[in-house]
Amino acid sequence: GIQVEQSPPDLILQEGANSTLRCNFSDSVNNLQWFHQNPWGQLINLFYIPSGTKQNGRLSATTVATERYSLLYISSSQTTDSGVYFCAVTTSGTYKYIFGTGTRLKVLA
Amino acid sequence: NAGVTQTPKFQVLKTGQSMTLQCAQDMNHEYMSWYRQDPGMGLRLIHYSVGAGITDQGEVPNGYNVSRSTTEDFPLRLLSAAPSQTSVYFCASKVTPSGAYNEQFFGPGTRLTVL
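In the order they appear, the protein sequences are chains A and B. Just so we're aligned, residue 1 is where the first sequence starts under this note's numbering, counting upward by one. Just so we're aligned, residue 110 is where the second sequence starts under this note's numbering, counting upward by one.
One chain only, chain B, in its complex shape:
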C-alpha cells in the first residue's frame, strides 16, 4: 500500500510550456484533490474530485485542468505555465467526500519552478 504518490518530485518549466503533474492512490478513495502551497503560506485548493468522472473547482482553479477517468489517478495539467504558478503542489485523497472518521491523506508534493 503506497498511499498517495506524486510525480515528478521537482520540475522546471519555461513560461508558456505545458505539463502534467501525476497523482495516484491505491487506497480506493473516492475523493481526491490538488492544492498549491506558496512560500510561507497555507495550502489553497485548486481542483477536487468526488469520484471517477466528477471534478469541480476549488479556490484557485485558473490555469489548471483536471480529469478523473479512474478512481486511482487524478492528473493536474498546466496549460501554459506562468511564473505565478511557481509553487509546491500537493495531491490528497480520502475515503469519501464527507462522513465521519474521514481524514485526508497527502502525497509528498511536487516542487515546480516556472522561469
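Chain A on its own, in the form it takes in the complex:
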C-alpha cells in the first residue's frame, strides 16, 4: 500500500518564525488533506489540496502530484500554531485515507 512520510518529525520555533512541513507519498493520489491537531486533540481541516497551491491567511500549501509531495508553509508562527500537523491521502480506486506520522510543532513565546 501507499506510504506517507512527513518531515521533520519534531520542530521547535520562536514566535514569529516561518516553517515548512513536508509530506511525501509513494504512489499517485487523488485526494490530499492537511490537518492540525491542537493540544486538546481536536482535528482541524487546513487544506484540501490534491494538486496546486492554496493560501489561507498565514498558512499556505502546495502539492506537486507528479513528484509525489506536498508542502505546508506556516509564516509568522504563533503559539496557537502548536500541535501536530498531519497529511492524509487516498489513491485512485480506494476510499481509504492513509495518514502520515505527523510533524509535532511547538512555538515558543
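If you're looking for bench data, these hints aren't it; they were derived computationally from the structure. Here the structure is a predicted model, which is why all the values come from computation and not from measurement. Check before you lean on any hint, since a few could be wrong.
Claimed, not checked - Example chain A residues on the side facing chain B (calculated, C-beta under 8 Å, incomplete):
| # | residue |
| --- | --- |
| 1 | N30 |
| 2 | Q33 |
| 3 | G41 |
| 4 | Q42 |
| 5 | L43 |
| 6 | N45 |
| 7 | K96 |
| 8 | F99 |
| 9 | G102 |
Said to hold, decoys possible - The calculated lysine-lysine pairs, modelled on BS3-like cross-linking and capped at a C-alpha distance of 30 Å, are:
| # | chain 1 | residue 1 | chain 2 | residue 2 |
| --- | --- | --- | --- | --- |
| 10 | A | K106 | A | K54 |
| 11 | B | K118 | A | K96 |
| 12 | B | K118 | A | K106 |
| 13 | A | K54 | A | K96 |
Claimed, not checked - Covered stretches of chain B (chain A as the covering partner; in silico rule of three or more C-beta atoms under 8 Å from a C-beta of chain A):
| # | segment |
| --- | --- |
| 14 | 138-151 |
| 15 | 154-161 |
| 16 | 211-217 |
Glycine included, each C-beta is placed from N, C-alpha and C at the ideal position.
Using the hints provided, position chain B relative to the given structure of chain A.
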C-alpha cells in the same frame, strides 16, 4: 448544524466487555469512517462506509464491527474489549466517497481505556 458528534467522550472498560461508540452527522454526508489514534502516532482507519447499508474494512478492522442503517449514524462496536484497544477513536464524514472539493470532517473523539 452540529457537524460530526461522538458519544461518549470518555469510557473505561474491563477486558472482555463489549460496548458501542456512537457517531452521528447531520450534513447528509454519504461517506463516514472510524479511526483510532494511539499515543504519539497518526490515525489508522478501522472501517468506513460509502452509504447506508454499505461498509468495508480499513487498515485495522480486527475486533471491531460496524453497521450503517441510516445516512446519519455509524456506530462502532467493540465485541470483546482488549487492552490493545486502548486508544482515542475518531469518527469522520465527507460529502461523497470521492470527488473534488471533498474534505473530510472529524468529530471530537472518544478516549477509551481498557483495563
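* Going back to the hint list, which numbers does this structure go against? -> Hints that this structure does not satisfy do not exist here, as all of them hold.
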